[in-house]
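> Protein chains in written order, with the numbering used here: chain V, 1 to 110; chain P, 1 to 240.
Rather than coming from a laboratory, the hints here were simulated on the basis of the structure. Remember, predicted model here, so these are calculated numbers, not experimental data. Cβ atoms here follow ideal geometry from the backbone N, Cα and C, with glycine treated the same way. One thing to keep in mind: the hints can contain errors.
Unchecked claim - Taking lysine to any residue pairs in the SDA-like style, the calculated list, with each CA pair at most 25 Å apart, reads:
no. : chain 1 : residue 1 : chain 2 : residue 2
1   : V       : Lys55     : P       : Gln93
2   : V       : Lys78     : P       : Phe22
3   : V       : Lys78     : P       : Met103
4   : P       : Lys166    : V       : Pro51
5   : V       : Lys55     : P       : His107
6   : P       : Lys116    : P       : Arg225
7   : P       : Lys94     : V       : Thr82
8   : V       : Lys75     : P       : Ala42
9   : P       : Lys87     : V       : Thr12
10  : P       : Lys111    : V       : Lys33
11  : P       : Lys109    : P       : Val124
12  : V       : Lys39     : P       : Asn43
13  : V       : Lys33     : P       : Asp39
What the hints assert, rightly or not - Covered stretches of chain V, as calculated for chain P (at least 3 residues, CB under 8 Å):
no. : region
14  : 12-21
15  : 41-52
16  : 58-72
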Amino acid sequence: MSNSKLYKGSLTTIILKLLNEHDKMYGYEITQKVKALTKGELKITEGALYPALHKLEAEGLLDVEVAKVDNRLRKYYKLTETGTKETVNKLEELAEYIKTMQALVNPKLA
Amino acid sequence: MKLTKEEIKFIDNYLIKNEVKFWDVRLELLDHIVSAVEDKMANDGISFNEALLEVHRGFGNQFIEFGVSKDRIFEKGLYQSNIGFKKFTRNKQKELGRKYRKMTWNHLKTKFLTFKFWLEYIAVILSFITIYQIKPELSFLIGLLVLILPTIYSAYYTFKDKSTRKSLNFAMATSSAMLVWSMYNLSYYILKENYENAASMPDGFFVVVACLFYPMIRTNIDVYRKVYEENKKSFSLKFL
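Turn these sequences into a full structure, and let the hints guide you.
Here's what the structure looks like:
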């Protein structure tokens with residue numbers, strides 16, 4: 001697995017982007033989706049995912065819905081209206097960051 | 001591979017033994033652990049115990065097999081910690097505190113934008129002034145009652161409904177409502193310096209403070225009700 005510290009700052013953007021593409025998702029589903037999309041390159045640990053989800057919920061970017069699934073309760077996360085707007089901003093910020101890094105690391109490609 | 005009801009119950013008991021006492025924290029952890037164990041058993045071909053152990057470590061908890069030499073005999077033992085679950089609960093607690101403070105502030109702003117609330121606020125102030133002019137001692141008692149209204153509300157709901165007990169959401173909503181009481185205490189200690197003792201303080205003090213904090217008290221009660229209704233909805237789905 002690659003250096004996870006490099007991905008750390010982008011975790012909230014990753015979560016927001018995934019929730020923007022899906023109507024609602026639960027915690028474990030997010031970790032599995034990221035693992036599948038990155039072909040196992042990025043594994044989000046439980047210790048990193050939930051603090052990020054709870055933070056986004058506290059900031060009013062995510063809303064929560066509880067439903068009964070297979071003999072247990074499941075907490076689904078979905079974007080609020082503010083969350084949808086913030087996703088656009090965060091993705092723009094990330095694209096800008098990638099562009100800057102590209103210019104620094106590989107000026108020929110930038 | 002789906003876990004049986006008994007296996008899910010086993011994981012819930014395992015969480016209780018690991019001191020995850022709040023049911024609203026447990027429900028999220030339980031779903032994650034059950035999903036991960038099911039996945040590991042089906043895709044990695046490992047047993048229930050092995051899968052649970054892997055997930056236990058995944059949350060940052062420890063499970064170590066150790067050996068110590070004691071009187072020429074080598075003794076083996078197991079050490080397990082719930083540090084990861086503790087961290088999970090602490091973090092959620094912190095974020096819930098932020099969420100309710102933000103919610104209270106937003107409710108307060110919205111309230112001041114409604115004509116209905118201004119009417120209510122003016123009526124409360126006029127009632128206090130009238131009571132104070134007729135019977136100052138009574139206004140003192142009513143003022144005190146208004147200030148402890150969120151506490152009375154919290155106690156009432158705790159008594160009335162099981163969903164409020166051992167709920168981190170409700171515990172944090174209560175703690176956020178206590179902010180008014182802390183603000184009152186602060187103003188009391190600032191003003192106390194000018195009087196010989198508490199009894200010599202004018203009855204009007206409570207009236208002024210109660211009127212000043214009334215919008216905050218009213219907002220706290222609204223936030224309380226919102227948290228209560230959301231919590232009750234999840235609790236009624238039956239945990240297990």
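> Verify the proposed pairing of V:Lys39 with P:Asn43, using a straight-line Cα cut of 25 Å.
holds, 16 Å
> Going straight from one Cα to the other, do P:Lys94 and V:Thr82 come out at no more than 25 Å?
The given pair, whose Cα atoms are some 21 Å apart, holds under the 25 Å limit.
> Is V:Lys55 within 25 Å of P:Gln93, Cα to Cα?
holds, 11 Å
> Please verify whether P:Lys109 and P:Val124 have alpha carbons no more than 25 Å apart.
Satisfied, since the Cα-Cα distance of roughly 19 Å is no more than 25 Å.
> Sort out whether V:Thr12 lies within 25 Å of P:Lys87, counting only the CA atoms.
Holds - the C-alpha atoms of V:Thr12 and P:Lys87 are around 19 Å apart, at most 25 Å.
> Is P:Lys111 within 25 Å of V:Lys33, Cα to Cα?
With Cα atoms ~41 Å apart, P:Lys111 and V:Lys33 exceed 25 Å; violated.
> Are the Cα positions of V:Lys78 and P:Met103 separated by 25 Å at most?
holds, 18 Å
> What's the verdict on V:Lys78 and P:Phe22, does the C-alpha distance respect the 25 Å limit or exceed it?
holds, 23 Å
> Three residues or more, CB to CB closer than 8 Å: is that satisfied between the region 58-72 of chain V and chain P?
Per the Cβ count (10), the hint holds.
> Under the criterion that the straight-line Cα-Cα distance not exceed 25 Å, is the pair V:Lys75, P:Ala42 satisfied?
Holds, at about 23 Å.
> How does the coverage statement for the region 12-21 of chain V fare against chain P, requiring three or more residues with Cβ below 8 Å from a Cβ of that chain?
violated (count 0)
> When you check the alpha-carbon spacing of V:Lys55 and P:His107, does it fall within 25 Å?
holds, 20 Å
Hints 10, 14 from the earlier list are contradicted by this structure; the remaining hints agree with it.
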